[in-house]
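*Asks:* The lines below spell out each chain.
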Amino acid sequence: MKVLDTYAPNTWCPGCGDFSVLNAIKPVFRGLMEEGVGREDIVLVSDIGCSGKIMDYVGVNSFGSLHGRAIPTAVGVKLARPSLNVIVHIGDGGAYAEGLEHLIFAARRNVDITVIVHDNGVYGLTVGQAGPMTPPGFKGRSTPYGSETAPFNPLELLYVAGATWLGRGYTHGIEQLKRLYREAVLHRGFSLVDTLQVCVTFRNMYQSYNGRVYEVEGHDPTDEHQALAKIREWDYLSDGPVALGTLAVRDRPVFCEHFADYGRQPVDVEAGVREVFAGLT
Amino acid sequence: MDSFSVLIGGKAGDGITEAGGMIGHVLNRLGYRLYQHVDSPSLIRGGHNVVIVRAHRRRVGAHRDHVNVLIALNRQTIEKHAWRLKDEPVVIYDSEAFDATSLPPVAHHLRTGIPIKTILAEEEAPPVLRNTAILGAFCKALSIPWSVLEDVVVTYQHKMPELNLKVARRGYDLASEKLLIHLPGSEPLPILNGLQAVGLGLVAGGLKAYAGYPMTPSSGLLHFLAEQAPRFELKVYQPEGEIAVMLMALGHAYAGERVAVGTSGGGFSLMVEGLGLAGQAELPIVAVLGQRTGPSTGLPTYTAQSDLEFAISAGQGEFPRAVIAPGDVEQAYAWSRLALDLAWRYQLPVILLGDRTLNDDAQSFFTEAVPELPRLAQLDWDGAAMDPEPDLAYKRYALTKDGVSPLAFPGRAGAIVKVNSYTHDEWGITTEDPGMTVQMQDKWLRKGRSMADELDTLPLVNVYGDAGATRTVVTWGSPTGALREIGELAGVRIVQPVVLWPFPVRQLREALAGSDRVAVAEVNATGQLASLMERYGFRVDARLNRYDGRPWGVGELHRRVEEVLA
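Just so you know, the protein sequences line up as chains Y and E, in that order. So that you can map any letter, position 32 of the first sequence is 403 in the working numbering, and since no number is skipped, the others follow by simple counting. So that you can map any letter, position 232 of the second sequence is 227 in the working numbering, and since no number is skipped, the others follow by simple counting.
Derived from the structure by calculation, the hints contain no laboratory data. The reader is advised that the hints may include incorrect statements.
[Unchecked claim] If we take Cβ atoms under 7 Å as the criterion, some of the chain E residues that face chain Y in the derived model are:
hint	residue
1	Leu98
2	Ser181
3	Ala199
4	Gln233
5	Ala239
6	Ala250
7	Glu252
8	Val399
9	Leu402
10	Gly406
11	Ala408
12	Val414
13	Glu427
14	Pro429
15	Gly430
16	Leu450
All residues carry an ideal CB built from backbone N, CA and C; glycine is no exception.
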């Protein structure tokens, strides 16, 4: 299917995990369209970096935002038009470093958007500096003698912050990615898919991940204890097993849901302004 | 007396601002025109708060330093403000808060001490009703009929109206008539502060959403619009900080909703990243920038006009914008509406520059003083395909003669709407092509020129006072109110550019024609408007600056004007 492509030349490195993300999200959009969602009702908001280039490659509405700022941008779009499906593509640098405050607050408020994190644990487009998910000891241009700080567990942080749908995927498993993205997009409330996305140029983790990832089975993501245990199983540092799949789901009120009711009745602005003036007299 | 000033002072937490408002409502009912200056430190409890209510038969736009009536809820009010007393002043005070020996040398018969603690105890009223007791005494001292006060209390004291009435009556009965004021008898007018005027102007301009993070002196706009949200179906909310405020607002703009943000210099600094995004992605946004004394935290609750150069130049790169600085509530209303229209007509950021004085001081609102400004229509896409390929039918950044591309928003079938912080082509797809880079930059320049041309058809520069005088004071923003009056008192020409960017060269030249001595008055240290004028070849003979955080009263500024223009 040619639909949803653009004329923009793709500039990702051969073998980049971003291709998997692209090839997983487009079928999700196509699926939504086949089910009656208008193409015009999909908005892709992207951050800066290699992940951000995805906006050029998908033929849907898009907003190429600033580094770390894709999430507040998406929140604004969603609050303006609650009927839109708003999907954020962002790297771990944007989501877990520069824009971490926005991420926590979007989760806390349970804004109905989907965040797809291209989590490769390195700054790729700026040629290989350590990022928030880079393990200590990483030798990049900004840490020639080895980085010092350890990653944190973003899913644990977001669960505590109040996220209502959390999952983890891997760019070596495209069918699973499609399922996860679709589930996340259909979830009512804040959803995030931490996508272990391999940067073949600066931090090739295929071998390491291939031996450790597994798909969760018999896991009840709606059970708080199971959800948190599964989220905590891998701390983003150890060489232990890495669970993939839907890890946590819960139900909480969505931020400013009443905005969707606005516009049903016309508002007489002029009369309203006159009333306010009268009230101030 | 047909014009006078009343000062009420007390501890922060005494509700002085509200008490000043109640005095204003009483005098408004009598037909006075008002200016209410608020002075309060950045404290919740224990500091010293003051409101000066100036009442006049005619429109006035600033406070005077001297007062005729002093209402003291604490000793500090006397200590700090006794110098303001003039002629035969009346002093009303809480006789149980401090002893009368600390009063200024005011004739005995002009003093009125009210035992507020006793009144409150006897009426079993909470301490917040201190103001009500003293308001009662104030009305009696000025020979204001009880019925007027009764009406004001009933209208504005929604909590415990009956108890308020009782306490007011006690204060009223315990005081005696000291002054006979005129009852102008004119119809009452709305009393608004600058932020309320901005809020109403934005709403009249079609505002649908407002995001704000609390910061003095712009929080009032967040409060006002949050309160009005149900009436106008406004989406008002408070994000996690100013960076998010700006980016969320740009999300609204992209989705087609008229939106504004408000802050002060520190928050605006954080928004500047997003301001540049608005420039690059051509997203309409109105930013209300309330100036206060800087740099950094500075004096949070005191005024300044030191962010003009910042507003004009904030952000990397070169993109068009407008900077508008209203000088009074009527201008604030009309120009805020225009600001929203302008942002959407030209798809760019518009900064509304206010300050602590304009934002928080309240003034009688004169409908006849509202500038007549037209509505500007945004350019919506007519649906005609811009390219034979259906996916490319809509170009968000179509290159046009006037630089303005037709708008479409997500949700519109047949349009793929791509906006981009990166340099982009007509469809919004990223490019690094040198030719396209130049074409887009040139588009912005054309857009900026189109906007400047259209703005030049509007009254951008006001002239007050003696329009034929050769001695001229140029000012901008909040000092306009004081200078309007001084212009008439001193026979001086007052020139006020409302739009400061694009700089209104042609209209300023016309307004200054025939002036042989030009002073520029502004509340900053370096004379930012004066520098801007010089950049455009205007001669500035004197710079009249103040930068202690306080606004000029009419009297003091009048003296300064006479000095520099002598």
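*Asks:* None of the hints should be skipped; say for each whether it holds.
*Replies:* To see whether the hints hold, each was checked on the structure:
A least Cβ separation of about 36 Å between E/Leu98 and chain Y goes past the 7 Å threshold, and the interface hint is therefore violated. The beta carbon of E/Ser181 is not positioned within 7 Å of any beta carbon in chain Y (closest approach about 12 Å), and the interface hint is therefore violated. The restraint placing E/Ala199 at the interface with chain Y holds, with a minimum CB-CB distance near 5 Å, inside the 7 Å limit. Hint on E/Gln233 is violated. Least Cβ distance to chain Y is approximately 11 Å, over the 7 Å limit.
At about 4 Å, the closest approach between the beta carbon of E/Ala239 and any beta carbon in chain Y falls short of 7 Å, and the interface hint on this residue holds. Annotation: E/Ala250 was flagged as interfacial toward chain Y, and the flag holds, the nearest CB pair being 4 Å apart, inside 7 Å. Proximity of E/Glu252 to chain Y holds as hinted, the smallest CB-CB distance being about 4 Å (cut-off 7 Å). Because the closest C-beta pair between E/Val399 and chain Y is about 20 Å apart, greater than 7 Å, the hint is violated.
A hinted interface residue such as E/Leu402 counts as satisfied when its beta carbon comes closer than 7 Å to some beta carbon of chain Y; here the least separation is about 13 Å, so the hint is violated. Restraint check, E/Gly406 versus chain Y: the minimum CB separation of about 6 Å is within 7 Å; hint holds. With its C-beta approaching chain Y no nearer than about 5 Å, E/Ala408 sits inside the 7 Å limit, and its interface hint holds. For E/Val414, the interface hint holds, the least distance from its beta-carbon to any beta-carbon of chain Y being 5 Å, beneath 7 Å.
Checking E/Glu427 against chain Y by beta carbon gives a least distance of about 10 Å; that is not within 7 Å, so the hint is violated. At about 17 Å, the closest approach between the beta carbon of E/Pro429 and any beta carbon in chain Y exceeds 7 Å, and the interface hint on this residue is violated. For E/Gly430, the interface hint is violated, the least distance from its beta-carbon to any beta-carbon of chain Y being 17 Å, above 7 Å. The beta carbon of E/Leu450 is not positioned within 7 Å of any beta carbon in chain Y (closest approach about 24 Å), and the interface hint is therefore violated.
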